[in-house]
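K.L.:
Given the coordinates of chain A, assemble chain B onto it according to the supplied hints.
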Amino acid sequence: MTLTFSRQLPAEIRAAQDDIEERARSYGLDFFKTIFEVVDYEEMSMLAAFGGFPLRYPHWRFGAEYDELTKGYAYGLQKIYEMVINTDPCYAYLLHANAFLDQKLVIAHVYGHCDFFKNNAWFAPTNRKMLDEMANHAARINRYCDRHGAETVEEFIDACLSLEDLIDAHAPHIRRSPAPADERRPLDPKAEEKQYDLRFPSKGYMDSFINPPDVIERQAKERQQKQQQKEDNRSFPAEPVRDVLLFLLEHAPLKDWQRDVLAIVRDEAYYFAPQGQTKIMNEGWASYWHSTIMTRHGLTDAEVVDYADHHSGTMATSPHRLNPYKLGIELFRDIEERWNTGRFGPEYDACDDLHTKEKWQKDLGLGRDKIFEVRRIYNDVTFIDAFLTPEFCIKHKFFSFGYNDQSNYYEIVSREFPKIKQQLLDGLTNHGRPFIYVVDGNYKNRGELYLKHKYQGVELKLDYARDTLANLQRLWGRPVYIETIVDDKPTVLSFDGSQHESKQK
Amino acid sequence: MSRSIDRDVGRFKQILRGKVRENLRKYITHGEMIGRTGRELVSIPVPAIDIPHFRHGQKGSGGVGQGEGEVGQPVGKGQGEEGGKGQAGDQPGSHIREVEISMEELADMLGEVLELPNIEPKGKDSLKSRKDKYTSIRQTGPDSLRHFKRTFKRALKRQVTLDNYNYENPVVIPMREDERFRSWKTVTEPESNAAVLYIMDVSGSMTDDQKEIVRIESFWIDTWLKRQYDGVQRRYIVHDASAHEVDEDTFYRTRESGGTRISSAYQVAWQVITRDFPPSDWNIYCFQFSDGDNWGEDNEGCLKFLTTDLLPSLNLFCYGQVESPYGSGDYIRELRKLGEKFDNLILSEIDSKEAIYDSIKEFLGTGK
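Protein chains in written order, with our numbering: chain A, 1 to 505; chain B, 1001 to 1368.
Here chain A stands alone, though its shape is the one from the complex:
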């Protein structure tokens, strides 16, 4: 299996790439070496299903994704123009069927992404050699499949994937606790036994002399005590833990291969996390640059109309789904405009004459510098929090909507700025997913696991919660609980391996 498709790039595209790369650099974009490859749609779908990588561990969910993508393409519902992954060097894949104009647009877009990957602070801790790492993961899991049976491993991966988003996405940037010791032991199943085999080899009639029963007993007791102590030390955690996966890695009774699989799932979840955290910024930034480079340099007269068509297709908005490309590019442009004209700071904020505000012009020309700074240190949540303005919301006709369980419709709730902003931030914080913590790993002093859902106004989807709980129980081995709110009442859901229960607290 080759890791790349390593096909010679057509000369025409090669030339366009060199040209655009130089333009991008002249604007101050700074990226790892970027390798473009042209792939057909099936390959593109496969890469997309694999999260951008040419090789992943075996799992049906990639197959499901692939099936959906190829069908979507065959029926003309969707098309992936490009795919780029955060590695050094950056790999970017272009769709073979793209028109030349699209290839140029996409190349310019890709350089925006590459710059973002390299410079945005949230990507700083990611492994830039992930291409190799993913292949390693695949090799390891393949080995476990050979050794323990593909279905056993698949079932276990299913359970791990069910919990994959229970990570602490900020953890790579903060040290919350002393670095956890790597508990993964060498893969030698006999090692443990040997360590505890206290008896010396002996012939039967000599046994009571060589291995005196009282000594053996004492040693066994000591060992038990030691273990007991270890158990007691595990009365934990001192504080609620976000990184449920790490907690499981450290404390769940897993076999070595299971621990390794769980570690792989967790590694990959952490690798992909920043992409979720910066979706709006990343796409906005890339769109800003493809738009800038293409409209100023990349287009021939004949291509202008097609370009405009494709660009606006990407920027299309719809009432019930926010387009991250559109929001991102507009917000970057707005920031650039504001810092160019000086519409920020106490003086501007204090001004309450709308007319003056509208004509505000200080010719600072700080816009470009500002957006470069923004792309370096912000993520989606802080980006929206810092730069979304009431004027911007009005200009782009934003509204917030909510679910009405009477009518079973999502309805427009408000056009007021604070509400829109709040709703937007809610949706972005933790990717709009529930916050789940490990509260007690030794619940009722019976080694049962107690999680808590931090309720923020939206209840859990119950059928999913039950299934996920069952998967958690598979890893933990003992009964598991999650405290949440159901129908406005505090409730504890539990699963003990055979039965689901739901009790009001």
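Simulated from the structure, these hints should not be mistaken for laboratory data.
None of the values given here were measured: they were computed from a predicted structure.
Do not take every clue at face value.
As the list claims (entries may be wrong) - Here are some of the chain A residues that sit facing chain B, going by a computed Cβ distance under 8 Å: (1) 46; (2) 49; (3) 148; (4) 152; (5) 155; (6) 320; (7) 414; (8) 424; (9) 436; (10) 439; (11) 440.
Even for Gly, the Cβ is constructed at its ideal location relative to N, Cα and C.
P.N.:
Then chain B, alone, in the frame of chain A:
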């Protein structure tokens, strides 16, 4: 190039097939896939499978959108009933996937789920097809069948043993006796053919619902028999007081009124059998569906016809009685009298769509 995704796709399809198998009973009784049959494949809608996560539900959820509109205006529809009451993780989500399954595979699933035995065909010895297979070699034959490699080898062998072979100038010249030719053997393969006769009562007392039951049931019977035999011929007979042979389409659509004389249908069936399917060579199946409301005086004639002509020459005679709001349902009682004497007579009462499943099992569970 073999791609690593192929394995995942294969596994995924396998899982989907597993889902179909799990829910086969539901598909059997609802008949929702019958309208979707292509020539070889049926596509079956399967609820999407995915990996559960802790997620927010709809209640209290919302988002931000862009565009015109007043407060209170709907922007999109919710996903219907929320979970919580139903079974865990079993609700159809927003995606429905279509799985394409070949008819053969579907039949295998049916067989597996219903625990149907494979059919032991009769007439194995009487009907044979001959095929020529080029599997052997002989020393004479036309040039067009000359086996070059073998010929060359023999020539080479001969030259080497006679020391005629020059390693510097390796020329091999085959002689007449070196030549070898491909040759065929005639293989006879037993062929088993099946004929299926469907008889339906279309008298006034049969309603559309009942015809639907017949339609669904005969679809599954067809599927199974097609899997079991190389070639399956079907004939359709409808009757009220008199009987006609009709085509498939008419069979399911005709609606007539009037009395019921089942013996008329048996007569037509017997004509068809003697004309087209000599019982010694054919595996003949007869499925009769009726509401069991026969004209009283006709019953005796029917039974006689069955015992003397039909039953001895058929693999199976299946009588399915659908429950009708009008009919008396006497006929099945009459047939029960025969039941002990003939083990190829199978009776089944189908009172609703749900009963189709068991009825198929009764009909085909004998392995005949």
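K.L.:
Hint by hint, where does the structure go against what was stated? Just the numbers, ascending.
P.N.:
3, 4, 5, 10 and 11
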